[in-house]
Amino acid sequence: MANSPMKERPLSPHLSIYKPMLTTMMSIVHRITGAGLYFGMALFVWWLFAAAHSPGYFDYVQGFIGSWFGRLVLFGFTWALVHHALGGLRHLLWDTGRGFELTKIEWMARATIAGSVALTLLIWIAAYAAR
Amino acid sequence: MSMRTPLGKVRGLGSAKSGTEHFWQQRLTAIANIPLVIFLVLFCVFMVGADREEMAGAIANPLVALMLVFTIISITWHMRLGMQVIIEDYVHGEGSKLACLLGNTFFSLAVALTGLFAVLKISFGG
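Residue numbers (the working numbering), protein chains in the order written: chain A, 70 to 200; chain B, -10 to 115.
There could be a bad hint or two in this list.
[As the list claims (entries may be wrong)] Heads up, incomplete: computed chain B residues facing chain A, CB under 7 angstroms, no partners named:
| # | residue |
| --- | --- |
| 1 | Met44 |
| 2 | Pro51 |
| 3 | Ala54 |
| 4 | Leu55 |
| 5 | Leu70 |
| 6 | Gly71 |
| 7 | Gly104 |
Derived from the structure by calculation, the hints contain no laboratory data. For every residue, glycine included, the Cβ atom is placed at its ideal position computed from N, Cα and C.
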């Protein structure tokens, strides 16, 4: 490996060399929220499983979800879900070949951030109002 | 000018041997997830703080149970595809990549089957 000719070749510039931009961050956050939701879904089915298990076990899980830490996780899960969903809508639009103009990309990135925060807060206000 | 053989062109599978199937299923489940995620959020909003009777009562409704089944299938399918891309991007060792891809499939299946089992058990009267 030490004598490999690969070693002498110039490497393509990576993330750290570019100026961070909003669109770059959106792409990274889309991936991070996706990975977060991946593990968050385990919590969701744990909750369903507890309901199928027994009233005692359900109370235990519901107690965890209802705690300040559980609510914090759930709040993060909600935001990640909304952000990933809105980000996904942008990707579906791009799949049709539309929305690639720089001004539109920038506008959609800002709308995704604002929309994800606003919708998450709205969902939680509705949740507390419904209780 | 294309360097591909006529047979390769007809098969349309490319170097990954699976063609556009991964891309297509990612989009298919993404579109399905739009209404399903709205349902998921509503379900969670109404069920946070509920006791077991309320939760089981909601899932006992066949329409709710069916929506949960759709949601679990579509989301776990989508997340398996997404995590596969993340693994292929960042895990370079052949052995560890294979292990991660296996783990990804097992995890996604476990999440899907646990959720489906729970919903069906409650729905069928458990």
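So, going through the hints one by one against the coordinates:
1. Met44: holds (5 angstroms)
2. Pro51: violated (16 angstroms)
3. Ala54: Result: violated, 11 angstroms to nearest chain A Cβ.
4. Leu55: Hint on Leu55/B: violated, closest Cβ of chain A at ~14 angstroms, above 7 angstroms.
5. Leu70: violated (10 angstroms)
6. Gly71: holds (5 angstroms)
7. Gly104: Result: holds, 4 angstroms to nearest chain A Cβ.
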